[in-house]
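Enquirer: Now for the letters of each chain:
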Amino acid sequence: MASVTLEKLNKVFGHTHIIKDVDLTVADGEFVVFVGPSGCGKSTLLRLIAGLESITDGDLKIADGVVNDLPPRERGVGMVFQSYALYPHMTVYENMAFGLKLAKMANETVDDRVMATARILQLEELLHRKPKELSGGQRQRVAMGRAMAREPRILLFDEPLSNLDASLRVQMRNEIARLHHRLGSTMIYVTHDQVEAMTLADKIVVLRAGRIEQVGSPQTLYQQPATRFVAGFIGSPTMNFMPAQLLSSDGEGCKVKAPGLGELALPQDASGESRGADLTLGVRPEHLRLAEAQGDNAFEIVNVEYLGNEVYVYLEPKAGDTLLIHRSEAPSRWDIGQRVALVPELEHVHLFDVEDRALGLAKQRQAA
Amino acid sequence: MNQYQLIKLAKRVGLYALIAVVMVYAIFPFYYAVITSLKPSSELFRVDFWLSSLDFGNYVQIFTQKSFVRAIFNSIIISLSVVLIALLLGITASYALGRVRFRGRTTVMLVILGVSMFPQVAVLSGLFEVIRALNLYNNPGGLILSYTIFTLPFTVWVLTTFMRQLPMELEEAAIMDGATPWVTITKVFLPLMWPAMATTGLLAFIAAWNEFLFALTFTLTDDQRTVPVAIALISGGSQHELPWGPIMAASVTVTVPLVILVMIFQRRIVSGLTAGAVKG
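These protein sequences, in sequence, are chains A and B.
If you use our numbering, the first sequence corresponds to residues 1 to 368, in order.
If you use our numbering, the second sequence corresponds to residues 369 to 648, in order.
Just to be clear, a hint being listed does not mean it is correct.
Here are the simulated lysine-lysine pairs, DSSO-like style, with alpha carbons at most 30 Å apart [to be verified]:
1. K132(A) / K379(B)
2. K101(A) / K130(A)
3. K101(A) / K132(A)
4. K555(B) / K130(A)
5. K255(A) / K363(A)
6. K104(A) / K130(A)
7. K61(A) / K104(A)
8. K104(A) / K132(A)
9. K104(A) / K555(B)
10. K20(A) / K132(A)
11. K8(A) / K61(A)
12. K376(B) / K101(A)
The set of hints was computed from the structure by calculation and includes no laboratory data.
All values reported here derive from a predicted model rather than from experimental measurement.
Assemble the whole structure, with the sequences as input and the hints as a guide.
Expert: As structure tokens, this is what we get:
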């Protein structure tokens, strides 16, 4: 077990700058999830830590030692691959023992380690099977066992659940969470699925185009996204965005005007913005209430999705072509074609400036 | 029987007739060689389509010739050496060409392919000089060298294609487990490449076993000859007599091992040549 520190880490492939000045600290025993859209560099970042790619610039430290030039086996990292990458011609036992034998360990040690790992992952019954005789979830566990058997200081997961079907994914997600709880080892996990990120992570790292967009606990990222990108990426269904114009601001907050919503008094501090500035209003679907339409400020309901426990109501937006979403407990009294007014819960509304950065709360700023 | 069934029957009969034609076309020469080899020399020129006698005189005759037995032995040594060298070089080359990123990789592949396009005759005189210079004339080493040159392009291409289809993550998993490239090749890739190796190895063996031109040119004495040359040089009682009986017996003798090998490996050959055509 160890901490990991990334200092101004850069990676360039030919002419493409994949990872740009990434600074990050992963504490000992922490479960960190890298999340982001495809091509954001999250897998590359993991492979840099693993040692499968060379670092172009910057320092990578594991437990205070710079490991930039160490091969993977000397870094003390274990990795679980997306396609499992089990050795097809070896049994489960041989798969897990392969790395240990290469490290020239005594036979009894190899045996002890493999058996201990198998016990943790409940693989004892399967030790003499070949990978092709295993189900997807079992293969996944063997892949984890192979990474764990060498007792690495850090466990890396590269989208380990994306090859599984939905129900198995939920089950394995739980197993990984319990495993982390029990082993307490440092784990770094890459996924594009924000649900996996939210449920597993102590700390989420949102990446975008090779840069860190925001680092924080799942709660922080959900409740206080630093940018519009993070706000849109975390949470399902996604946050609603609407254009707004700044009318005035004072020590208590600001007033904005948004098409279809009228004038809203928000708690955000907009003192840095000029009057009339174009802002973006962000409201999560559960923070958007519907009311009977009054006057001009009406939105048309274009679709209603019933999911059993809750209902998604889709509304025609005033600007842009992304439908607005309202989420509420089922049953819903709204129907397609109805015209309704939108009432955002003002204390949960987010406000983003022209550069898509979130504006902080006025009160917080005063307190600080 | 209605018209539909009649058409169906006709199609079926047609299909089997066609198969029969192809079979006869492909197998008849070999079949005729087998029957001829089992005839005494007095009956050689009587045309028989069925086995008329079981006379092993021709076989006894060729196997009592020391030079022929020696030639079989030479052929086995040379062919096996070619297969081993070609596979060893092929596997290591295919790892470099299939897995290591370096400048000019495609050029190297194209050059390798280009080499295989030269006909044997075109390089014969040049190769002769090389073999003389290396002091390998009239020596199995000369044949092993020249056969390997002609076998390697195909071996490297097939093995490279196969190597590329092995998932990248498998190699990375081995790297994470602390394996060196050599351990990765021998412990992880080799066990997965058996079909491709059986295919290329067998084809290399057949090519080396059957080769005639180089074997004739680069050897001088009876004790260094390989089987195809030995068969061609079997002579009869006078210069006006071609000893068809012993020639046929010798041909059958050297073909049978190949037929057996192909039958053993036939599934492997097909799976090796089509590997990766469909994801599996």
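Enquirer: Compare the structure with each hint and give your call.
Expert: Tested hints:
no.: 1; hint: K132(A) / K379(B); in the structure: violated (42 Å)
no.: 2; hint: K101(A) / K130(A); in the structure: holds (19 Å)
no.: 3; hint: K101(A) / K132(A); in the structure: holds (23 Å)
no.: 4; hint: K555(B) / K130(A); in the structure: holds (16 Å)
no.: 5; hint: K255(A) / K363(A); in the structure: holds (15 Å)
no.: 6; hint: K104(A) / K130(A); in the structure: holds (24 Å)
no.: 7; hint: K61(A) / K104(A); in the structure: holds (26 Å)
no.: 8; hint: K104(A) / K132(A); in the structure: holds (28 Å)
no.: 9; hint: K104(A) / K555(B); in the structure: holds (15 Å)
no.: 10; hint: K20(A) / K132(A); in the structure: violated (40 Å)
no.: 11; hint: K8(A) / K61(A); in the structure: holds (11 Å)
no.: 12; hint: K376(B) / K101(A); in the structure: violated (63 Å)
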